[in-house]
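In terms of the numbering used here, the sequence shown opens at residue 59 and continues consecutively.
In short, the hints are calculated from the structure, not lab data.
Misleading hints may appear alongside valid ones.
[What the hints assert, rightly or not] With a straight-line cut-off of 30 Å between C-alpha atoms, the simulated DSSO-like cross-links for lysine-lysine are:
id, residue 1, residue 2
1, K334, K175
2, K170, K334
3, K175, K330
4, K334, K172
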Amino acid sequence: MAVLTEALRRGKPRRGVLLRVLPSALYSGRSTAVLERTFLTYSHAWMLFVSGVFEPLFYLMAFQLGFGKLVGEVVGPGGQAMSYVAFVAPGLLAASAMNGAILDSTYNLFFKLKYAKLYDAMLATPIGPLDIALGEVGWSVLRGGIYSATFLGVMTVMGLPGSWWALLMIPAALLIAMAFSAIGIVLVTFLRSVSQFDYINLVLMPLFLFSTTFYPLSVYPGAIQWIVQIFPLYHGIELMRGLSVGVLSWGMVGNVAYLLALAAVGIYASSKRFGKLLLR
59 MAVLTEALRR GKPRRGVLLR VLPSALYSGR STAVLERTFL TYSHAWMLFV
109 SGVFEPLFYL MAFQLGFGKL VGEVVGPGGQ AMSYVAFVAP GLLAASAMNG
159 AILDSTYNLF FKLKYAKLYD AMLATPIGPL DIALGEVGWS VLRGGIYSAT
209 FLGVMTVMGL PGSWWALLMI PAALLIAMAF SAIGIVLVTF LRSVSQFDYI
259 NLVLMPLFLF STTFYPLSVY PGAIQWIVQI FPLYHGIELM RGLSVGVLSW
309 GMVGNVAYLL ALAAVGIYAS SKRFGKLLLR
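Generate coordinates for the entire structure from the input sequences, incorporating the hints supplied.
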């Protein structure tokens, strides 16, 4: 609570469209105070933060040293041939952004919501439910950006990106993190016990395995392809893979629009859920 008070003391709401249009009970323009509070908290537990960098890197090294030796070239975006490791790496980066966002917006948020009662304390201050939603999503995006930059740096050292367009993989990862974080917050507000996190894992595992992370969409039968293209991670991977090799298409605009819409729906729904749960 002291951390939050310090963040509120420093942060002053900026006048903006949302602050002028939305009611103060919903949004007060102090989402940065929520973000700052989380940042100050993690500054005392930085090892937990840093450890999240290594999981996707271990996957990448495993494919470079193991599967990459067994599988030759595969067909990538635009029909061009590329090494299997270069094909998988953008998918792992997208999955890393998804997993990092879900970790922050589900497990950590559930503890703050159900046990620490942090959000009850926040709403007793000049902070609204939308401030909380934006602050939590903002932290997931910031964390995802740091992880993504590290991952892309390793990819570059390994010579995997095929174009300068690969630099845009970082904002693409931020978009993926924002979308999944917003939806994760909505989901966690419906959970009543820790055991129910198994339902979230039951969804995440198929997303990770079947969203073309490890093989192209063309390997699926036609009917299954339609289902896979509904998966949000699929759109993130398609965006990442095209940027990695510099093959741009109008389909990537659709990928961005899908993720933006998902993030907007998630932020709106999460603010409504916080208001319903805590402002009673």
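Each hint tested on the structure:
1. Distance check on the hinted pair: K334 and K175 sit about 15 Å apart at the alpha-carbon level, within 30 Å; holds.
2. Only pairs whose Cα atoms come within 30 Å are accepted, and K170 paired with K334 is accepted, the gap being roughly 17 Å.
3. Taken as a hint, the K175 and K330 pair is honoured in the structure, with Cα atoms around 18 Å apart against an allowance of 30 Å.
4. With a C-alpha separation of about 14 Å, the suggested pair K334 and K172 falls inside the 30 Å cut-off, and the hint holds.
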